[in-house]
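Q: Please model the entire structure based on the sequences and the hints provided.
So the protein lines, in turn, are chains A and B. Everything in the first sequence is counted per our numbering, starting at 1 for the first residue and increasing by one. Everything in the second sequence is counted per our numbering, starting at 1001 for the first residue and increasing by one.
Quick caveat, the hints were computed from the structure, so don't treat them as lab data. Predicted model, so just to flag it, every value in this text is computed and none were measured. Note that beta-carbon positions come from the ideal geometry of N, C-alpha and C, so glycine has one too. Incorrect hints may have been included.
Which stretches of chain A does chain B cover? Using the computed rule of at least three CB atoms under 8 angstroms from a CB of chain B, they are [as the list claims (entries may be wrong)]:
{"hint": "1", "segment": "275 to 288"}
{"hint": "2", "segment": "330 to 340"}
{"hint": "3", "segment": "359 to 370"}
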Amino acid sequence: MSYLNSDKMKLKKATVGMIMHRFKLNKSCFIYLYEKYHLTFNSLLFSIICTCLSTHAVAESELTELSIEELMSRKVITASKTEQTFSDAAAGVFVIHQNDLRRSGATSIPEALRMVPGLQVARIDTNKWAISARGFNGRFANKLLVLIDGRAVYSPAFSGVYWEINDLMLEDVDRIEVIRGPGASVWGANAVNGIINVISKKSSETQGELVSVTAGNEYQSAAVRYGNKFDEQGHYRVYTKYFRHDGFVDRNGDDAEDDWDMFRGGFKVDWTPTSSNTLMLQGDVYTGDINQNFIVPSESSLTGGKRVLEEAGAYGGSFLGRWDYTHSLASRMSTQIYYEHLRRNGTFQNEALDTVDFDFQHELAVVKNHEVSWGLEYRLHIERFKDAEIVSVSPSKRNLHLISAFLQDQIGLFDNRLTVTIGSKVEYHTLSDFEFQPNIRLMWNASSNQRLWAAFSRATRTPSRGEKDAQLNIFGIPRTPQDTPNKIVLHSNSDFKSEDVLSYELGYRTWFGDYFSFDMVTFYNDYDNLIFAELATITQPGEIPLRMTNDEKAKTWGVEISADWRPVDWMRLQLAYTYLGMDYEQKKNKIGAVSGIGFPTGDARSPENQISLRSSFDLSHNTELDIWFRYVDDIADIVVVNPSQLPPVQSYVTVDVRLGWHPHKNIELAIVGKNLNNAERVEYLNEIGSFPTQVERSFYGQLKWKF
Amino acid sequence: MSESFYLRLLFFFNIVLVFLSIPISVADIRIKEDTLKAVYSFKFGKFVQWPESKLNNSKKTLGYCILGKNPFTNAAFKSIENALVKGRKLKIQIYSSGLLSDDALQDCHIVYVSQSEKNHQQHILAVLRNRPILTISDIDGFSQKGGMITLININERIHFEINPVAFKRAGLKVSSKLIELARLVTEETSEHKQ
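A: So, in structure tokens, the structure goes:
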């Protein structure tokens, strides 16, 4: 390493000084660079970054010397704030803010989730999604809990989430928080691999009228919202939304006829009658006609199943009330109750579900450096089935009870340099038994802008009705031509236990001001009692019986990275990278490892590598350009039992572009093109009765008008 | 190649990038809003006199407690973290959940109420009402509700409002100089419901 002689150093400092003076730039970054050069010489990259960043920084150290009058005369930059809400959470957390949602061009929540590291998001057809965290994906991905404003939308029938019926006006979404990894000690059941928490705006933030109209080749929608005040401290909003989605195409490029539409409406009331009480009420209803395809076993054909194209109905609604009470600065509690009704009919299932849930949580800071929280929850599912062609359930009606309690303490040690969170949840469910789900998390404030954390947790996944009580008729072709193609019947298992995982996580994050942040999480998960399909004794000719068991083991590991960089005020780059590795312990006499409601599948139901890069540009004060690039690895050996020799799901690269324009502060116009580079692709295959469809290229224009 | 060559290259890169970034970044030398707010709240400490009892019963630090989600970026913190107020080192504590035990409150001389606690502000103020703690916030109308100082953004400059009654009630003395520069506000007469 050479050492700069002092003359050279002075000269360079002087030159830099002149430039900085000329352009009124901040010196700290340059001086830092020049003083460090002889120490860290190979820092070309660093210097480039630093140069760009220096335009943001101001010599802070001098500010404290200024008088109040001088402070009052300084102009400020009101930064477009990058929220760092979670920089102190000892967990892998990613937040989609309203702005990310708006600029992504997404017309539904699942589409926006594609930007989140650690999530697997794939579209099965226009109205079905496979979404999971850290693997085990499927239409009935069962290890991910989804909450919408505190209401769990996880289905007890087959586990997983019916994404198509869980929608709201996207303009009213405040943020979507995605927490990867077990969150079982505080959150509801089945938060095994992650939690998605959709939080809508307070009604005080959605006052006035908003009209949003979208028209495109694949998607058309219209939505209206109206918000107003009542009393001094009360606000409300009502909305209604209609959309329809065109069908995708099948593997031959013909219309798959899986178009669908949905109409929904709802309201939200926020009222603060006194300074220590807040009440929130909300409700919504929806009805939709969903065209879908299934391949069902055919009596007449041994070589192929029968395609059923049907119009399935889905309708329902929910009502939720929450009371937040602040008892003192050191204590507050929240009580919530909700009711939900859901109906769904069709070839696959004929299901009616009523849910009542009561939830109480109390947070208190009793002594210095301790934050204790505890809670109780009771949930009742009343579930009824009628026999459908694919699924029949016995007993057809059953009441499921879930009772759980949690206790957690967050302890600040060494002057809050280290935070230890320790807690556990105890849960009882009709279909399982008592489950103990502890976790311990450590967060080390390595410096004012660096965090290092580690966590160890255990979580369990409750069996579903499908696994305990159902019989499923699937059509399948065995892998070798010698075997007879036949009807496959999957029988449930009343001895089915909860699946469980031991999870080890390690994370690091750092940030510089609000222009750069970096977050990395690695994990190792050790699963036991996983669901598996076992070949049972053949009793009826022409029928292959499978029986669900759950003594399968698996291990997964992965790396999740997100980085967010704003080199200049008008440009932002957001990167997400996901690596997921998986190892199943294969047992003989088993058809294959399974996930979801338990269908024999191959090892890898999730892509190994995924990249998302979002580039946002503010072309002028009222024009925005967003380019979203994504790469998703192939999914090898997705389904073993399937209607015909389906090709594996191939890797793909896709680009979405959005151009937005605000001719007036209350008007927003946008044109969006999705999947621009790639005409058609299969992203995923349904576990049962798959009829593969291809995602198409699409365009739409959008108008939003506030008044 | 000599190291000075690399140095020149590096230097060249820097200059090019500086020029590239000029048109969009330098209209005026400006400070980030949150940084200025942080500096302000530190400055206020110099103009406020706490009762001896409050200063005696704690360590040789001046507790600066942020209630709610941290509104300041790292740069803002850097500007005040080693600052001295009345010969005492500023000790910044963030209570991001908005929960603050009585115990911890003993060590707070300044409480900065973050925007995230907007809905709880009346409640917070009711608790802090008679305590010798300087309350600052940038929530609109904070001083009208009983807070001592509210930072407000008027035409891209940060001004502040003072509620003298709140100071008096809490037993804090505020310098006349600060009063002169501030916009004075009176409390809303509506009763504080509990």
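Q: Looking back at the numbered hints, which does the structure fail to meet, lowest number first?
A: Structure breaks no hint.
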